[in-house]
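Student: Here are the chains, one letter per residue:
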Amino acid sequence: MSAIHPSELAFITKHAPFDRMELPHVLWMLERMNIGYYAEGEVIVTPEQGAVDRFLVIKQGVVNGEQSVAKASDTDTWLELMEGECFPLGALLANRPVASVYRAGSDIFCYELPADDFRQLIGLSAAFRDFCTRRIANLLEHSKQVIQAQYSQSSVEQQSLASPLSTIIRRAPVTCSPDTTVRQALEVMRDQRIGSMVAADEEGRPLGIMTLHDVLDRIAIPQIDLDQPVVEIMSMQLSYLPPQAMAHEAALMMAKHGFRHVLVVENEKLVGLVSEKDLFALQRVGLRQIGSAIRHADTPQVLLQCATDIRKMAHNMMAQGVAPEQLTQFISAFNDLLTARVVELECKASGLTGTPLHDGLCWMALGSEGRFEQTLNTDQDNALIFVVPAGMTADQVREKLLPVARRINETLDLCGFPLCKGEIMASNPKWCLSLEEWKRTFNGWIGGGSPESLLNASIFFDFRSLYGAEHLAEDLRGWLARVAADNSRFLHMMAGNALRNRPPLGVVRDFVLGKGNTLDLKMNGITPFVDAARIFALAASVTQTNTIQRLRLSAAKMRLPESEIDAWIDALLFIQVLRLRHHDEVSEQGASDNALDNLIDPEKLNELDRRILKEAFRQARKLQSRLALEYQL
Amino acid sequence: MNMLQRWFMPKPRLTAVQAERLAAWLALPEVGMKGRFERSRCVVVDVETTGLNLMTDTLISIGAVAVVDGKIALGDSFYVVMQQRESSRKENILVHGITGTAQREGVEPVEALLAFLEYVGNSPLVAFHVTFDETMIRRAVRQYLGHALKHPWLDLAYVMPALYPPLAFSHRVLDSWIGLFKIRIETRHHALADALATAQLLQVAQAKARQKKDITDLSGLRDLEREQRWVNGVS
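Protein sequence lines correspond, in order, to chains A and B.
Numbering (my numbering) for the first sequence: 9 to 641.
Numbering (my numbering) for the second sequence: 4 to 238.
Honestly, the hints are just simulated from the structure, not real lab data.
Note that the coordinates shown come from a computational prediction; the quantities given were computed from them, not determined experimentally.
You may find that some hints are simply not true.
[Said to hold, decoys possible] Residues of chain A clear of chain B, computed beta-carbon distances all greater than 10 Å:
#, residue
1, 67
2, 467
3, 609
[Claimed, not checked] Here are the simulated SDA-like pairs of lysine to any residue, each with C-alpha atoms no more than 20 Å apart in a straight line:
#, chain 1, residue 1, chain 2, residue 2
4, A, 264, A, 277
5, B, 185, A, 49
6, B, 185, A, 92
7, A, 277, A, 244
8, B, 211, A, 19
9, B, 211, A, 253
10, B, 216, B, 41
11, B, 185, A, 437
12, A, 408, A, 387
13, B, 185, A, 452
14, B, 211, A, 47
15, B, 211, A, 44
16, B, 185, A, 357
17, A, 408, A, 341
18, B, 216, A, 49
19, B, 211, A, 50
20, B, 215, A, 18
21, B, 185, A, 44
22, B, 215, A, 50
Glycine residues also receive a C-beta, built at the ideal position from the N, C-alpha and C atoms.
Whole structure, please, built from the sequences with the hints as guidance.
Tutor: Here's what the structure looks like:
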């Protein structure tokens, strides 16, 4: 007549991971659990107790994890745990003492499972094991399902850009052999009512493509012989993707390069063809259309329209649940196109095009644009590198370029990229420099270390070329990678600076909230990752500017475990999701993109998101601890 | 059945096996209250009845959880619904939520009570307002097992005010104390849920008594209870 009251079961199964575990396993666990009471301020687990003897789930109250001063460790950082949360997982799994002191923040009751039973449960329940070993990844998975469930109610049928190409391919590809004549190929296209024909070899490997569009340019106008092999007039410039690639990747490829078709290829064999039209069905605003409109725009008015379309598209994609990484890539790709077109137009309008000065200039994106991490509200951060032609001085070149840069900045402003308040723009004489001047400036920052130098470094060191003489930016990047990696004093100071921005401790209580009880997702959430990634990249001579790539590449060089890096990246992406979702919601309510902020009220998040956000901040702290460890701060 | 009938009822008949089980329970070592909190077991009990009259109402269910070495052992808990000859009045069903069918389908009382005693073993019992729970259980044990139960009880209704004197007047019922410590209880008036909440209250009392009065065992708490009874008696 032993009994577990239903309310205990109801409570525990409200929380992850118990909500996904099989009922018999939950009951097995509950039967072996005790409830412990700890008065406010009482220590629950400490490093001094040796290997952890029990797994705890908070039934009621708040538990604080405190970094023990004597043994600062990189694995456990400060945290605040609330009802339904489990601890101390890391120490239990590793069968070691905890690194932090866990103390009752209020009078608390905890469910406690002896360590032996904990280990048995890990063997018993896959869901539980998964949760313990891949905590943040699991919570994220959970949240993704919730988000998708929210969006899917708008239209169940609608496929999204997040679906794999294999689900979009409508029919088996129609192919011909390379020696088919042009006439035969055209006849098949007419009979089958298809817009393109792919020539493939005997193994089904694609060789070339001919589309209806080509008929005019390649067949009708040059009046070619219709009996010659089709392969001779085909386009050999093929774009491939595997069937498991996502629709948005195909869309991005089409938009970037102006293709109308993407071949779907598996093991070198053609398995399908995705056309622009197929993707239009998924997307109300045509991606390639925007791309092509930007490429052909010749007035700021048209570009402004394109900028509006980009925003519309971004909102659309957000609604379809496209992952944040892809979304920011999309936004960056289109903003790149747009900016490049603005630069091109203004160079032409000011008579610069065709002169040696034009051939020797490189327009650079800085900051978030430089990192491919733009969201909807981004102001301008740009700069110019130029070559000094023989017989001229740098000042003379600058004098010529500054007015053009000013026009470019103003046109970008018209297109919805507000002027930078800090004057970090190419029209500022300080940031319109020759390659030599840039190296001298960077050198000054690296050798100096004043707060201003460090701040500048954090903005400018994320530069990448956007228009013009790319090799200048590459040269500067290569030089920087060499110089910065050798300057440990500078990196040390950068690290010290980055550590001054600490992610909030908890999410609901006891942490610094900004104006009106809000949390700044960018400042508190994204920046710690971005800063740490930059320092790692500089130290490891990684030339990428994107935070995720920087983390992956430099962490690999530093021999950090992959799981740790994955956790950081997942955390960063989750904060980015929250940020984008916040932007989406605010603009749904009619706010203009310029009015978008990064401030959220943590109280308004659902419990799951709040927990993940907390976990994400914890990861940010772990990353910072790693940074502190590297630089002995 | 009136009181007199009940009083003069014939001695209940137990099967040989049942009589043996009762004898085995009676043969257990004497109940001790001197075990330190972190090295002893006690059982926290709550009962639901057909009404509040100690003489005429009867037991419907018993819920109990064990506090072992200072922790509530969820696996070491007990709940039984006793078979009733007739189900209780409607207004009463609304309180405890055990329907007439559930009451009639419960466990046969002799079996239910033997199981309870075996579960308790020789651990001391704890409740909030012991008089009620103790009387109900003692009467049932006498009626069905023919045994006069003499088991030591601790009453938190006296221990808590002794530990928190300023609250003695404002906190008289279980609800005020569990409210004070924000002990969540989803279904009040379910014997097992109430027992669990009471057990959590006992944990608070143990911690407080240790910290404030250096009391480390149940007998120390029982001394507090006695003092408080005396205080209540004179004030």
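Student: Each hint should be assessed against the structure and marked as holding or not.
Tutor: Outcome of the hint check:
no.: 1; hint: 67; result: 8 Å, violated
no.: 2; hint: 467; result: 49 Å, holds
no.: 3; hint: 609; result: 24 Å, holds
no.: 4; hint: A/264 to A/277; result: 24 Å, violated
no.: 5; hint: B/185 to A/49; result: 17 Å, holds
no.: 6; hint: B/185 to A/92; result: 16 Å, holds
no.: 7; hint: A/277 to A/244; result: 16 Å, holds
no.: 8; hint: B/211 to A/19; result: 27 Å, violated
no.: 9; hint: B/211 to A/253; result: 62 Å, violated
no.: 10; hint: B/216 to B/41; result: 16 Å, holds
no.: 11; hint: B/185 to A/437; result: 64 Å, violated
no.: 12; hint: A/408 to A/387; result: 25 Å, violated
no.: 13; hint: B/185 to A/452; result: 60 Å, violated
no.: 14; hint: B/211 to A/47; result: 8 Å, holds
no.: 15; hint: B/211 to A/44; result: 14 Å, holds
no.: 16; hint: B/185 to A/357; result: 73 Å, violated
no.: 17; hint: A/408 to A/341; result: 29 Å, violated
no.: 18; hint: B/216 to A/49; result: 19 Å, holds
no.: 19; hint: B/211 to A/50; result: 12 Å, holds
no.: 20; hint: B/215 to A/18; result: 35 Å, violated
no.: 21; hint: B/185 to A/44; result: 15 Å, holds
no.: 22; hint: B/215 to A/50; result: 14 Å, holds
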